[in-house]
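**Student:** Listed below are the residues making up each chain.
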Amino acid sequence: MDVKLKSRREFIKLAGIAGIGLGAAACAVAAPVAPSPTPAHDDHSAAAATPEVTATPVDMDAMHEAGVKKYLDNIGKDAKFYGNKLDPKNVDGVKEFNITCSEIKWDAGGGAMADAMAYNGTVPGPEIRVTEGDKVRVIVKNDMKAQSTAVHFHGQAVPNNMDGVPFITQPPIKPGESFTYEFTAKNVGSSMYHSHHNAAEQVTRGLLGAFIVDRKDKSKDPAYDSEYTLILNDGVGGFTLNGKGFPYTQPIIAKLGEKIRIRYMNEGLMIHPMHLHGLEQLVFAADGWNLPNPYYCDTLNIAPGQRWDVIVTAHTAGVWAFHCHILNHAESAHGMFGMVTAIVVK
Amino acid sequence: MDVKLKSRREFIKLAGIAGIGLGAAACAVAAPVAPSPTPAHDDHSAAAATPEVTATPVDMDAMHEAGVKKYLDNIGKDAKFYGNKLDPKNVDGVKEFNITCSEIKWDAGGGAMADAMAYNGTVPGPEIRVTEGDKVRVIVKNDMKAQSTAVHFHGQAVPNNMDGVPFITQPPIKPGESFTYEFTAKNVGSSMYHSHHNAAEQVTRGLLGAFIVDRKDKSKDPAYDSEYTLILNDGVGGFTLNGKGFPYTQPIIAKLGEKIRIRYMNEGLMIHPMHLHGLEQLVFAADGWNLPNPYYCDTLNIAPGQRWDVIVTAHTAGVWAFHCHILNHAESAHGMFGMVTAIVVK
Amino acid sequence: MDVKLKSRREFIKLAGIAGIGLGAAACAVAAPVAPSPTPAHDDHSAAAATPEVTATPVDMDAMHEAGVKKYLDNIGKDAKFYGNKLDPKNVDGVKEFNITCSEIKWDAGGGAMADAMAYNGTVPGPEIRVTEGDKVRVIVKNDMKAQSTAVHFHGQAVPNNMDGVPFITQPPIKPGESFTYEFTAKNVGSSMYHSHHNAAEQVTRGLLGAFIVDRKDKSKDPAYDSEYTLILNDGVGGFTLNGKGFPYTQPIIAKLGEKIRIRYMNEGLMIHPMHLHGLEQLVFAADGWNLPNPYYCDTLNIAPGQRWDVIVTAHTAGVWAFHCHILNHAESAHGMFGMVTAIVVK
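Chains as they are written, first to last, in our numbering: chain A, 3 to 348; chain B, 3 to 348; chain C, 3 to 348.
Please note that the accuracy of each hint is not assured.
For identical chains, the list gives no copy identity; a pair is met inside one copy or between any two copies.
Distance condition first, Cα-Cα at most 27 Å in a straight line; then the derived DSSO-like pairs of lysine-lysine [unchecked claim]:
(1) Lys-176 / Lys-72
(2) Lys-257 / Lys-188
(3) Lys-71 / Lys-147
(4) Lys-176 / Lys-71
(5) Lys-147 / Lys-87
(6) Lys-348 / Lys-137
Everything labelled a hint here was simulated from the structure, so no lab data went into it.
Small disclaimer: the values here were computed from a predicted structure and weren't measured.
Go ahead and model the full structure; you've got the sequences and the hints to work with.
**Tutor:** Written out as structure tokens, the structure reads:
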């Protein structure tokens with residue numbers, strides 16, 4: 003999936019697809035912006051349902067519009083949002099990945115740098131992807147100064163000593179030390195890797211990432227044309243999708259008729275019911291296991307630790323809002339923020 | 003479904019159905035009421051699990067009993083609780099509905115008037131109901147002074163420019179302005195309509211309602227004799243069902259053997275696992291889509307944004323408590339409150 | 003299921019099963035313990051995700067290790083954790099159980115005695131177990147001084163006057179009084195019994211227990227070799243499994259290949275998504291009703307009031323961590339606490 007939007011101009015063109023014959027709606031996007039007395043709200047950590055009693059409707063609308071404009075302007079400018087993958091080295095038939103833990107400052111999008119912990123310098127860490135049956139080696143170096151750590155491959159049935167639970171299956175990886183995880187990837191589908199040491203802090207601060215195992219026999223899954231992973235979090239940087247809060251999230255961009263696989267992964271401490279406008283979600287896998295009977299919904303509740311895989315068929319053109327339906331994870335009087343993005347169907 | 007209870011006397015008769023031959027239990031309902039030193043607790047916004055250390059058991063029981071008495075006395079006195087429907091005009095084959103948004107005071111039942119926002123003056127707004135394939139027009143007038151708004155038809159696959167997301171699919175509807183939504187109702191089942199502008203505030207304050215699309219071929223749904231919608235909310239007025247908190251909620255009243263369809267809709271910010279006593283729930287639809295394999299439960303978890311449809315067969319006579327099982331959404335030391343009602347089977 | 007571990011030595015032997023050929027991991031469990039400057043954290047009520055900024059990595063690791071050591075040392079020392087069952091008297095073909103409610107001090111494991119309310123002196127109360135079709139009598143004596151009470155058999159379809167809702171189906175059971183519940187057990191599977199009077203306080207303080215109805219025709223359930231009940235709670239004693247917080251919880255101990263039935267019951271006010279490492283969960287029953295199509299997962303979300311039954315096949319040896327994946331219900335900077343246990347496969 004390498005379709006990208008380069009400019010707001012192109013987006014407006016897209017939005018126009020849906021707006022043909024409906025001038026007001028289509029033009030709204032391109033309408034001149036009223037002077038905004040208040041800068042767009044960039045503090046994604048505030049789940050503010052509090053009304054802004056002193057703001058006029060014009061002020062409030064301007065703040066909302068400014069957020070949407072930022073989102074549109076930012077499209078295509080964060081290639082890592084869906085594409086932060088880690089290439090393995092092939093060492094004697096083993097796929098070897100190197101992961102370094104470090105203390106960093108993380109910007110969820112608005113410029114506020116939060117104290118984070120990261121795998122290879124990003125939140126989430128890079129996606130690790132292998133194929134069913136692959137021998138996998140993950141060498142984890144702890145470059146953090148303040149804390150030991152350990153990595154759990156959440157969703158993978160590994161030998162017990164590779165399970166990543168300090169003092170149960172291994173000693174913690176102390177600052178400056180390394181630990182090598184080695185196992186055969188057995189569980190197809192959407193798994194995660196994350197810290198299992200002081201995890202309420204370390205995972206919420208960013209030590210997390212997707213661990214995906216491609217199935218050998220793809221005929222056992224529903225057909226799809228493209229795929230995207232959305233990691234939900236409510237820790238560092240506030241309410242985030244793939245480490246970013248709206249307007250710094252990226253849309254999924256699809257052709258009419260395209261079948262999109264979305265992998266939801268909840269690495270936060272709260273549930274997040276993800277609502278997609280206009281296009282239904284066919285829920286077909288729980289924690290990597292295909293359901294015996296997939297079912298449709300528009301709002302899928304993802305609890306902490308869960309992964310759910312869905313197929314979305316892009317059957318109608320337009321810009322479809324896509325957000326957590328706990329509304330104060332997604333919008334305040336200052337405009338949309340946090341767990342909001344869109345599917346754009348051309 | 004037009005069965006109504008007019009008096010507490012009749013209720014006791016109903017309760018008596020279950021109590022035949024079991025004097026103590028049946029009589030409890032009709033027993034003389036001890037003088038209550040404390041008025042029944044009407045503050046539905048308090049989720050008080052705090053013990054009332056100074057209350058004696060007699061005091062506490064009296065407060066609980068007073069609440070139940072109010073509930074019984076109130077039966078049949080709120081025809082809008084399940085029956086707040088909006089009649090369309092038929093305009094050249096289009097079903098046309100008029101919705102006006104305004105700032106009101108809303109009483110969830112105890113007399114405390116809360117600052118609310120409402121469609122046509124009620125929380126929830128009136129039910130909009132059409133049939134699969136109908137052409138629908140909803141003319142939304144914004145009579146609010148403080149805020150612009152927009153309406154999203156949550157669960158309906160509409161043309162993108164009818165999707166109700168300001169600055170993405172339309173300009174916000176400013177105070178004094180109107181916007182006309184027009185689409186063909188494609189998605190059968192239980193949808194909702196609600197604000198999608200500053201929604202964390204506007205929806206929690208009351209800009210929400212049921213949007214129901216009847217299926218043409220009813221043989222595709224399980225059979226049922228009657229149906230009720232329960233909109234769950236945790237915003238204005240505290241924990242509410244259809245805008246009211248116990249004891250101001252209304253029971254569902256059914257004949258023995260009746261098959262009842264219940265449409266749950268969560269418009270709040272929290273999950274609400276709804277527990278029904280004595281009668282099982284057959285869960286058959288998620289967000290309007292029938293499940294390939296319906297399943298039974300007694301406690302159904304409804305997350306924000308979700309709708310679930312169930313069938314309850316009234317196989318046993320009696321008054322069956324029906325409430326959110328997050329217990330501090332349903333009961334305090336002052337008695338039951340909030341998300342509590344009953345199914346009464348005669 | 004009477005397999006028990008008597009000592010930490012035996013546990014290390016078990017852990018060694020998984021560690022063969024992987025010295026570092028296996029030895030970690032048996033490694034000499036560094037002097038711990040801080041006693042292990044026993045305050046289970048603290049959901050502390052707060053970093054301990056002044057603790058060194060060595061200090062923090064020592065606290066974590068001390069917790070795991072306590073857990074290992076405690077294995078087999080709490081026979082009631084999975085085995086607190088109430089024997090009935092057979093009275094003229096009726097299975098009669100006696101339950102006494104009283105105010106007690108409850109120790110969730112760390113020595114802090116919390117003000118609790120209990121059935122027969124334990125939190126949870128003893129398991130009541132009967133067989134489908136049994137006539138059941140439960141005589142409830144209220145020996146509490148401060149509050150009346152009533153018992154609801156959550157999940158059982160009982161005659162209405164046996165449903166336990168004060169002022170709806172019975173008078174409350176006042177201090178010093180008794181009430182006799184009598185019904186035929188119709189609903190097979192995992193039910194609960196708990197207070198339905200001032201329940202937000204009484205249930206969170208401990209008036210709760212398992213009510214299990216064995217199916218006559220066991221061929222209708224998936225096959226299993228052993229079974230365990232895990233009652234989740236977030237009231238008295240903090241985050242607990244069967245009334246205890248880690249490190250005072252007990253593991254499930256299984257032979258390689260053993261099929262384990264786990265009955266989850268949520269008696270708290272919060273969701274708890276239970277994650278099991280290394281072994282998949284086959285979800286086959288909701289609230290006692292078998293699902294038409296069981297499905298696999300590794301993280302099962304259990305909402306308040308729900309019961310879910312799963313089968314776990316112990317296909318791989320080792321010590322598999324098993325915990326709520328809302329991470330601040332399971333771990334703090336002081337180490338694991340609360341809703342954490344393990345499945346040990348020999």
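**Student:** Evaluate each hint against the coordinates.
**Tutor:** Results of checking the hints against the structure:
no.	hint	verdict
1	Lys-176 / Lys-72	between (41 Å within a copy, 22 Å between copies)
2	Lys-257 / Lys-188	between (33 Å within a copy, 22 Å between copies)
3	Lys-71 / Lys-147	between (40 Å within a copy, 26 Å between copies)
4	Lys-176 / Lys-71	between (45 Å within a copy, 19 Å between copies)
5	Lys-147 / Lys-87	within (26 Å within a copy, 50 Å between copies)
6	Lys-348 / Lys-137	between (40 Å within a copy, 25 Å between copies)
Checked against the numbered hints above, the structure violates none of them.
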